[in-house]
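A.B. asks: Single-letter residue listing:
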Amino acid sequence: MSAVIRARDLGKRYGRRWALSDCTLDVPAGHVVGLVGPNGAGKTTLLNLAAGQLTPTTGDIEVLGGRPASGAGQLARVGFVAQDTPTYAGFTVAEHLRLGARLNPRWDDALARDRIARLGLDPGARAGKLSGGQRAQLALTLGIAKRPELLILDEPVAALDPLARREFLQGLLEATAEHGLSVVLSSHLLSDVERACDYLIVLVDSRVRVAGEVDDLLAAHHRLTGPRRDPARLPSGQDVVTASHTDRQSTLVVRADGPIHDPAWTVARLTLEDLVLAYLDSGGQTGRPALEVLR
Amino acid sequence: MDLGMIEFHLDAGSGVSPYQQIVRQVRQACRLGMLREGDQLPTVKEVVAHLAINPNTVLKAYRELERDGIVSPRPGVGTFVTATLADGSLAAHEPLRRELRGWLDRARRAGLDDESIEALFRTTFRSAAAEDVA
Amino acid sequence: MIWLAWRQFRVHAALTAGALAALALYVALTGPGLADAYARGSAGCGGEEACVRFAQTFFLDHQLSFTALSVLVLVLPGVIGLFWGAPLISRELEAGTHRLVWNQSVTRGRWLATRLSLGGVAAALTSGLAVALVSWWSEPLQRAAPQHARMEPLLFGVRGVVPFAYALLAFLLGVAVGTVLRRPLPAMAVTLAVFTAVQIAVPLVVRPHLLPSTTVEARFTPGNLRGIFSEGPGEPVQLEMSKPAGAWTLAEQTIDGSGTVVKGVDVSLDEGPCAPQGSPPAPSAQCFEMIDRLGYRQRTTYLTADRFWPLQGIETGLYLLVSAGLAGFTFFWLRRRIS
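Protein chains in written order, with the numbering used here: chain L, 1 to 295; chain W, 1 to 134; chain X, 1 to 339.
Hints are computed from structural coordinates only; laboratory data are not their basis.
Think of the CB as a built atom: it goes at the ideal place given N, C-alpha and C, for glycine as much as any other residue.
It is possible that part of the hints are untrue.
Said to hold, decoys possible - Computed Cβ-Cβ distance ranges for the label pairs, DEER-style:
| # | chain 1 | residue 1 | chain 2 | residue 2 | range |
| --- | --- | --- | --- | --- | --- |
| 1 | X | 2 | L | 94 | 10 to 20 Å |
| 2 | L | 281 | W | 105 | 41 to 51 Å |
| 3 | W | 126 | L | 94 | 52 to 62 Å |
| 4 | L | 228 | W | 105 | 40 to 50 Å |
| 5 | X | 2 | W | 5 | 51 to 61 Å |
| 6 | L | 232 | W | 106 | 44 to 54 Å |
| 7 | X | 321 | L | 159 | 23 to 33 Å |
| 8 | X | 96 | W | 125 | 50 to 60 Å |
Given the sequences, and given the hints that come with them, work out the whole structure.
C.D. replies: Structure representation (structure tokens):
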């Protein structure tokens, strides 16, 4: 499967601070990809680099085989809904659609109008008067009606209430089903990621800790509980993600190629949230990474 | 939204992946006779719009059901139930339920609370399943 | 893209069009009357002295409007820089809308080019129109008061073609400052400060050196002496010479026989030949002889009236060059430094 985003040793520096460094990544096409990680891991920087809003300091990044924002053609193929879903406060909803129509050669006006009508947005209303959820939906409409091959969303639902969040994701996923576009979205909300995404990338300290199809990841990870033992003595093919011990008991999160047969272990499945937290935990040598988990 | 014969729901805290939840719900509905041969499953787009769930998840669930011979897709129309799991076993449900109720009564009389009953059922179920595999 | 640029500019455009219409209305209503009054007055004033008096009165009667309109044209570029230039990019950056518009299928470069073109053309047009209206209206007044020549620093900046270059520069300065500061209010303040500094510094420091100036040393004669005065008892006695018509005087000094610059001349106004006599009081012929004998001459450095258009051309070119530099800088900054 071809990669929609391909990054090699990608780095971005602001002054003396590296927002992203040594990031190597392949995001396959045809997925809704969830990019998760603690604050400051470089998610926003990575997505902005992919959208061509930033230029890399080191390394390189290819999106759909081209350099991000290298021209109008490349811009047309990639949609980007930025954090806080900005819109022009003084423009009406209809004017935003007109903006989209004027600036995008592949604009799907019927789709845009239909979406606005179904959302119940008044085309004459100014964007500044819309609720956060409505504004996000307007920004999403612009992103979808542009008919990109890849849609990138940076924390699109972070500021929304649960109902607006659900409606936003419904709209996004419906468009994904209808137009077969690839989606990469970053989110703090693991429950949303679990529903919406079928591919997961965990980014910690700008490094990819784990990436893969969600179902494969869930199938390959287990929580083992049993009498205390040295995690280094596990059979090959079982990699320890995290380990914690009491005097008598060991609890391990392992990634295993096959089923766990050792009868000494009590084997439990992990939820996506457990899995992500396990990787964030293991990656946090320099203090505990903060991950918001909202349900 | 009217999704036809069956409406899916997801339990985020179940620990079961969304695609498996859909597979189970279809199997369950077939087993209980709620879905019969010829019934149409909701389209991928309908499920996606209803549940705010990844389309690939629905596709994956439908493909697994197809592999198991429970449903089959008709291109351009939708996915239809081709087999019903209820056939022979539905008749056996009633006597089994009576036995289970009797067992539950005995368990209560023996002093087990709901939690203990559930734990006992689950561990027995799992060890039996493990023996079957082995 | 033009639609978007226009949509974002239309409120400014409407306000400006309204202001220009008001100015045009004022000029149209009062201009012909003014020209007519001057033509009739200067034709029917009779003697030379009466005509001078008419011209003086005529100018004084309309000085307020003249000054107000000149100041209007003078500050117009600054206003354009302040209200069009400074917020153009900074408001987008502040509201985050740049991240919306830069993700449509239009490159940043084209987006900026379109917005700068529209704003730049509008700035040049606005300023050109205002200059044309005010210049036409002021014409009889400037003929009545030749001392207000268009070479004079303040009038130079509100006549000819330089105002449109000022407007362009102010606009692009505002855009560049806004792009760097990323917030409209500080950008407006800095733009105003910098552009005002430019408007003050250019006539003082730059313009005098753009073209070679003429320096003459002349003897004082009854024909060219404009005044002989002292600011009080014991203060040096100073001499003033009339200037070449329409020229811009850069420096004026009185020198003695050895060529040294002096603060005053060594003559007395209280007694002797230079004490005022007659009516109106004027120095006697002996006074001029005495000044001449002492070797006093006036050294004047000036740019003549015929240098107006070359000077306008050079200054316009200079401003356009700086404007192009600012536009280039904005392109660079927008491409490389902003997300």
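A.B. asks: All the hints need checking, so say for each whether the structure fits it.
C.D. replies: Hints, verified against the model:
no. : hint                      : result
1   : 2/X / 94/L: 10 to 20 Å    : holds, 18 Å
2   : 281/L / 105/W: 41 to 51 Å : holds, 46 Å
3   : 126/W / 94/L: 52 to 62 Å  : holds, 59 Å
4   : 228/L / 105/W: 40 to 50 Å : holds, 42 Å
5   : 2/X / 5/W: 51 to 61 Å     : holds, 53 Å
6   : 232/L / 106/W: 44 to 54 Å : holds, 48 Å
7   : 321/X / 159/L: 23 to 33 Å : violated, 46 Å
8   : 96/X / 125/W: 50 to 60 Å  : holds, 55 Å
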